[in-house]
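Chemist: Take a look at the letters that make up each chain.
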Amino acid sequence: MASALINVPARAKRGEIIEIKTLISHVMETGFRRTQVGAVIPRNIIRRFVCSYNGAEVFSADLHPAISANPFIVFSTIATESGTLAFEWTGDNGFSVKETAAITVE
Amino acid sequence: MERRAFLKIAGGVAAGLGLTGIVTVKPARATPAEMQEAIRAVAGSARITPGKVKLELPPLIENGNAVPLTVTVDSPMTEAEHVRVVHVFTEKNPQPYVVSFHLGPRAGRARVSTRMRLADSQNVVAVCQLSDGSLWSDSAAVVVTLAACLEDGI
Amino acid sequence: MRRLLIALGLLALAASAFAGEIALSDRRSGYELMGRELRAMQDDDTANPGMLWVLEGAALWKRPTGAASRACVDCHGEAAVSMKGVAAHHPAFDAAKQRPVSLDQRINNCRVDRQQAPPLAYESRELLALGAYVARQSRGLPIAVTIDDRMRPFLDAGHAIYERRQGQLNLACSQCHDDNWGRQPAGNLIPQAHPTGYPLYRLEWQSLGSLQRRLRGCLTGIRAEAYDYGAPELVDLELYLMWRARGMTMDAPAVRP
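These protein sequences, in sequence, are chains U, X and F. Heads up: the first sequence begins at 1 in the working numbering, then just goes up one per residue. Heads up: the second sequence begins at 1 in the working numbering, then just goes up one per residue. Heads up: the third sequence begins at 1 in the working numbering, then just goes up one per residue.
Simulated from the structure, these hints should not be mistaken for lab results. Since the model is a prediction, treat every value here as computed from it, not as a measurement. Just so you know, not all the hints are guaranteed correct.
No more than 27 Å apart at the CA atoms, straight line, and that leaves these computed lysine-lysine pairs for DSS-like [claimed, not checked]:
#1 U:Lys98 <-> U:Lys21
#2 X:Lys92 <-> U:Lys13
#3 X:Lys92 <-> X:Lys54
#4 U:Lys98 <-> X:Lys92
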């Protein structure tokens, strides 16, 4: 069960730069670790994170194994209009999580 | 197989490869040269100038599993002049790539934070590309210590 | 009358300190020994990875489970009210078991007795989530385990484990954590070992974990046989550590290197 913790202001003024914080639970297994008997633990990471604002992509990130477990990403966007911010994380083994947050822009 | 023959073949192979005695297995580790290759692979062949982008990392962290990292680029972030992408690389992790952040004029501000893994004390490099195609870089050195009483598989 | 007063005074003093213990005014939480960046990670609920487990715990709190199809909220109501201070008082005496139990054990006792559900495995995601959620409700409160005549023998047993040399390295907990805290053998800072922040997100584990996990790790670190999860020795030791940290502020879920 993946939990995601998203921090977005519920309201903002038009044109204001808002900061968005995202935290998602994921082991981000690098593929470089070995078990006690020497077998490689296969890579299992989130590879891509995309934030869309009323359908338009406003930020994205390509992640590699060097990103810590439970990836934390803070970025900003301009509050242009009221609507929905959508967040999507995709990765190895068909990992896919989508979350949304509503924003009111006055 | 008869013992003497086996040793002879093994010795022959070893001499051919220029190996002597014990073969050790080293943990996977990139080198500064591999980092440069990775930077070139992603940023192309244009000149990279130090400046504009700023990499913030703690000079010392108690555990390399989660090192807070912030990249900021001095840019008005307008349609005409903005940051397209910021890449981060390391020189001594098992592989050199860390993350690529894709920005654009809707970001408002070119400032992104995350947490990264550092396998050892080393240099971290950020390369950003602006909307005019120019490339800028910054680097920071981090010392990584380790938590006490390392335990395995409890 | 005077003899009674002296006797009472001595009784009060008897539970107040063990020889060799860190002076109450010198006690420092592991939080104070961390760098600025890690303290910032702990303080920000939107950045603290431990909050992912607290979130999950909040969801589990409301989920009906077991043959009784009952959720924690059905008996306990809002956790912010009913669970306030609970983690700060555990390990606490359990009349049915006639010994102190840890918070994890108390959660499992509730599951078995009241929800008619199987107990959650130690260090399982669900048990950690519920433990983190309950411990979060004690944040900012002083640690206050109750030591009365019933608890006294278990406190003494925990103290004895703390003072006993163990393992191939033949070290007692007190040698590092009472006598040499703040020093840095091989560059690794020795904390005073107060359990103010458990369950906590340990960077070494890249996960949230319990105090028992940490104690087992420490024992393995000195090359001693680690007690099993839920063993009475671990609960006694946990009781001693919480009593030793009495009055210190709870800050779960903490972040530590």
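Chemist: Next, verify each hint and record whether it holds.
Modeler: Verification of the supplied hints:
Distance restraint check for U:Lys98 and U:Lys21: the Cα-Cα separation of roughly 15 Å lies within the 27 Å cut-off, and the hinted pair is therefore satisfied. A hinted pair counts as satisfied when its Cα atoms are at most 27 Å apart, and X:Lys92 with U:Lys13 does not qualify at roughly 44 Å. Between the alpha carbons of X:Lys92 and X:Lys54 the distance comes to roughly 20 Å, so the proposed pair stays at or under 27 Å and holds. Taking the CA atoms of U:Lys98 and X:Lys92, the gap is near 34 Å; set against the 27 Å cutoff, the hint is violated.
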